[in-house]
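Protein chains in written order, with the working numbering: chain A, 1 to 572; chain B, 1 to 366.
Since the hints were made in silico from the structure, they are not lab data. Backbone N, C-alpha and C define an ideal beta-carbon position, used for all residues, glycine too. There could be a bad hint or two in this list.
Incomplete in silico selection of chain A near chain B, CB under 8 Å [said to hold, decoys possible]:
#	residue
1	SER24
2	ASP460
3	LYS471
4	VAL481
Label-pair distances were calculated between CB atoms; the ranges are [as the list claims (entries may be wrong)]:
#	chain 1	residue 1	chain 2	residue 2	range
5	A	VAL26	B	ALA126	29 to 39 Å
6	B	GLY311	A	LYS457	35 to 45 Å
7	A	PHE398	B	GLY21	17 to 27 Å
8	B	ARG114	A	VAL26	23 to 33 Å
Taking lysine to aspartate or glutamate pairs in the EDC-like style, the calculated list, with each CA pair at most 20 Å apart, reads [as the list claims (entries may be wrong)]:
#	chain 1	residue 1	chain 2	residue 2
9	A	LYS387	B	ASP81
10	A	LYS387	B	ASP63
11	A	LYS387	B	GLU64
12	A	LYS385	B	ASP60
13	A	LYS457	B	ASP60
14	A	LYS387	B	ASP60
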Amino acid sequence: MAEGAPAIPLPAALPRALRRIPESAVATLLIALLCGVLVLIIALPLGALLVKSLEAPSGGLAGLDNFRTYFATPTLVGALVNSLTIAGLTVAIVVPLAFGYAYALTRTAMAGKGLLFAAALLPIFAPSLLSGIALTYILGNQGILRGLLMGHSVYGPIGIVVAECLYAFPNALIILVTALSLSDGRLYEAAAAMGTGRLRTFATVTLPGARYGLVSAAFVVFTLVVTDFGIPKVIGGQYSVLATDAYRQVVGQQNFPMGAVVGLLMLVPAVIAFGVDRVIQRRQTSLLSARSVPYEPKPRPGRDRAFLAYALAVAGVIVATYGVAVWASFIRYWPYNLALTLDHYDFAGADADGWSPYWNSLAMAASVAGIGTAVVFCGAYLVEKLKTFAAGRMLAQFLAMLPLAVPGLVLGLGYVFFFNAPWNPLNVLYGTLALLAINTLAHYYTVAHVTASTALKQIDPEFEAVSASLKVPFWRTFTRVSLPICLPTVLELAVYLFVNAMTTVSAVIFLYGADTKLASIAIVHMDEAGTTASAAAMASVIMATALGARLLLALVNRGAVSRLQRWRRREA
Amino acid sequence: MTDADATSPFLRVRGLSKRYGSFRALEAIDLDVARGEFVCFLGPSGCGKTTLLRMIAGLDRQDEGRIELGSVDVSTAPPADRDFGIVFQSYALFPNLTVEANIAYGLVNRRTQRARVKARVAELLALIGLPEQGDKYPGQLSGGQQQRVALARALATSPSLLLLDEPLSALDAKVRTRLREEIRLLQKRLGITTIMVTHDQEEALAMADRVVVMNRGRIEQVGTPEAIYRDPASAFVADFIGAMTFLDATVEGEHALRVGAVDLVCEGGRGFIPGSPIRLGLRPEEIRVGNVAPGDVNALEVRVRSLEFLGSFYRARLEPSRDLGGGLVADLSANLSGDLGLAEGQYLYVSLPPKALRAFPQTSAA
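The task is simple: from the sequences and hints, build the whole structure.
Here it is in structure tokens:
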């Protein structure tokens with residue numbers, strides 16, 4: 001033994017009981033537990049949906065009869081065609097618009113980029129219904145700009161497409177901004193050095209680099225639109241689409257098997273999108289090497305001004321639309337009496353539950369943010385950093401990625417069939433806030449999981465090896481090192497889950513109980529009852545809350561976190 | 001190292017194998033490391049050296065084979081049950097903990113022992129020459145300093161085995177040279193058995209008591225740096241350690257060799273089996289340039305095809321006037337080159353000393 005290094009008897013000094021539990025046993029147990037949770041909240045409900053689609057409406061096995069009935073019924077197939085048409089149109093409109101906007105944000109030197117990016121993200125913080133409600137104020141029968149429609153009604157495909165465009169815009173934008181900022185500046189320098197013209201550079205460097213982002217954005221928008229429930233509900237009129245059809249089959253006609261069939265049909269584009277996205281991501285990684293140099297746009301006044309004008313126009317439309325909805329919620333009687341009032345915020349007048357749906361939403365979103373973040377982050381750590389029980393970690397990874405391919409409405413249906421089944425002892429959860437929280441967590445699990453995994457991947461993979469060599473168990477390295485390093489990501493996750501839990505409609509519409517109605521569902525009900533102003537008011541409250549959470553995160557990041565993360569700075 | 005230690009190796013590896021799919025990462029590795037020895041695993045990337053190190057640490061599990069540490073079988077033991085400290089190329093320092101907290105990470109943080117932990121950390125900081133830096137965060141230190149802290153952290157628990165996985169590869173050339181001397185001195189002072197993985201032959205030769213040269217999941221040769229350099233067991237080792245020129249040759253007699261159209265005199269034995277085709281290996285620095293007369297043993301007329309200036313010496317590519325089946329490469333000092341007034345295109349005589357001629361089987365891959 002080393003004479004120069006007097007030993008401290010380390011292993012013996014650890015509490016004996018703790019030493020006796022083998023680390024690998026704890027790891028295996030935790031991974032098994034994670035798999036169990038994910039199977040319960042993701043795999044089994046989806047399985048239940050699949051089984052239900054094969055059942056006869058009167059019970060018993062029907063095989064593929066439900067599918068045959070579906071395709072033999074013109075009204076049902078009509079909804080499918082409508083959904084695909086709407087989604088295709090939205091993709092064709094939104095993706096080019098978002099690409100121009102993303103280009104302006106990443107490749108020009110226009111002013112006010114931060115503010116313009118933030119303005120375009122506004123729709124994320126509101127329930128999808130709000131864009132529909134706003135359109136009824138602007139282009140509806142009493143709309144201020146209804147002349148623009150030249151006699152056509154906004155209630156139908158026109159309204160749905162416009163509202164979906166607003167709603168899907170930030171989702172496409174985020175993907176395209178990411179794709180365009182992942183470019184190697186040296187390619188542009190090489191092109192310039194060879195005297196390549198601007199158009200040719202755009203066609204040979206910019207577009208190929210963003211190609212995968214464009215495909216990915218198109219699929220995401222398509223899926224989002226096919227599976228969105230809120231907008232067609234509010235502004236669709238008699239025009240039926242898959243999502244409203246599923247709702248009608250289940251809630252209206254109590255035809256659960258047919259609801260399951262519609263749900264599975266909605267799963268198809270989502271699953272294709274998911275598959276394409278996987279393939280794309282595998283290729284995208286090779287585009288950017290560690291030695292790439294980020295592209296820095298140089299000022300070119302003409303171009304910059306043109307793009308600024310374009311971005312201002314788009315951002316203006318988005319902010320104005322949502323602004324109108326918020327404004328209308330304070331208006332006494334649109335559009336005849338424009339006096340301001342707070343009456344519509346006294347929800348008791350419009351809905352028997354008053355403000356209680358809002359408090360339900362807040363409680364649900366807070367618990368998803370709190371408990372959900374803990375589950376997701378710990379789960380991602382187990383999958384990413386541990387070495388034992390490879391089969392379990394693979395299963396957990398697969399299940400964690402699954403919800404991305406599952407639209408909220410479909411997952412909600414699965415929850416109905418699984419958690420409302422008489423044979424299931426867990427059916428006591430049905431209608432509780434707990435189940436709403438669980439469902440919301442499952443719905444948004446993938447993005448949260450991927451965010452946590454990405455952050456964990458950036459941590460040196462040898463930390464666990466070093467800890468093992470120092471005889472420190474992984475759970476201590478988790479709390480002392482991994483968690484503190486990832487603190488900003490953890491907070492980001494919590495806000496992501498909170499915002500989505502506040503705004504989601506589609507998954508939870510089937511699951512709420514008499515005293516667990518959520519704010520987003522109250523909007524649907526108030527809109528159905530014709531108290532549109534109150535619906536707009538509730539949506540505005542949700543939007544304000546979600547924006548507040550985001551703002552709070554920014555403040556916390558600037559204050560407490562930067563003090564806790566002193567080690568990130570180079571100087572002491 | 002005492003005689004008793006020499007008979008019972010501290011680390012004993014037997015028949016260790018590992019596959020990844022159809023790729024054989026390690027094939028039946030046998031290795032003994034004596035107590036207090038400094039051993040380097042040397043080889044090109046993908047040769048299995050890091051895999052072998054990680055298996056000894058228990059970070060990866062072998063498919064087959066046995067590992068004994070201090071005559072205890074640890075083949076299936078988790079890393080925490082093997083007594084080692086490890087240093088990685090990436091330092092793997094915890095960025096959110098101070099230098100002091102990093103070093104103390106493996107020491108138990110119980111209140112009663114706090115004073116002892118502090119004393120131990122101070123001792124280690126002094127040992128690595130960073131006595132005043134305990135309060136800093138790793139991000140505030142240079143690469144070389146960070147790697148020293150990683151070393152102190154690995155040594156903090158006084159392990160009986162120190163594993164170094166390319167610890168110097170991420171550092172600048174100057175820092176690398178200094179730190180390798182420091183690590184070697186520290187290792188000798190503490191007498192700790194050490195295994196270092198490296199792809200840098202100079203590093204391995206300068207630091208190791210013994211070098212394990214690996215290629216394609218196998219051990220090519222184990223020996224002292226001198227032995228490996230002077231008597232490479234294979235063409236691969238000869239080429240990997242230092243430089244070597246290879247020519248196809250036929251052994252004509254006990255001391256006679258035919259290379260292309262040229263007859264050479266060689267020393268008997270050493271693989272020169274009469275009648276067999278061989279690959280003839282020549283080290284550039286052993287070819288004699290200057291003061292060679294046309295009648296000297298193995299003298300050849302050559303034309304200087306190119307001269308490459310490498311600081312302290314020149315590397316000359318030489319084209320023999322008679323067919324040798326290939327060109328020669330010779331290293332000569334800058335002084336000698338100046339004395340000879342060497343220039344490209346010039347003709348001169350060089351000789352290939354019989355002692356410098358090495359035979360390798362023709363089938364072996366270089």
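Evaluation of the provided hints:
1. Contact between SER24(A) and chain B, as hinted, is supported at the beta carbon level, the nearest pair being about 6 Å apart and thus within 8 Å.
2. At about 5 Å, the closest approach between the beta carbon of ASP460(A) and any beta carbon in chain B falls short of 8 Å, and the interface hint on this residue holds.
3. Nearest Cβ of chain B to the Cβ of LYS471(A): about 5 Å, under the 8 Å cut. The hint holds.
4. Residue-level restraint check for VAL481(A) holds (minimum Cβ-Cβ distance to chain B is 5 Å; threshold 8 Å).
5. The given range of 29 to 39 Å is respected by VAL26(A) and ALA126(B), whose C-beta atoms sit roughly 37 Å from each other.
6. Remark: the range hint 35 to 45 Å for GLY311(B) to LYS457(A) is upheld by a beta-carbon distance near 42 Å.
7. Range check, PHE398(A) to GLY21(B): about 21 Å between beta-carbon atoms, so the 17 to 27 Å window is met.
8. Remark: the range hint 23 to 33 Å for ARG114(B) to VAL26(A) is upheld by a beta-carbon distance near 27 Å.
9. Proposed proximity of LYS387(A) and ASP81(B) is supported: the alpha carbons are some 16 Å apart, at most 20 Å.
10. Straight-line distance between C-alpha atoms of LYS387(A) and ASP63(B) comes to about 16 Å, which keeps the hinted pair within the 20 Å bound.
11. Between LYS387(A) and GLU64(B) the alpha-carbon distance is near 19 Å, which keeps this suggested pair within the 20 Å criterion.
12. Our distance criterion of 20 Å between C-alpha atoms is met by LYS385(A) and ASP60(B), whose separation comes to about 14 Å.
13. At roughly 19 Å between alpha-carbon atoms, LYS457(A) and ASP60(B) fall within 20 Å of each other, so this suggested pair holds.
14. With a CA separation close to 9 Å, the supplied pair LYS387(A) and ASP60(B) stays within the 20 Å bound.
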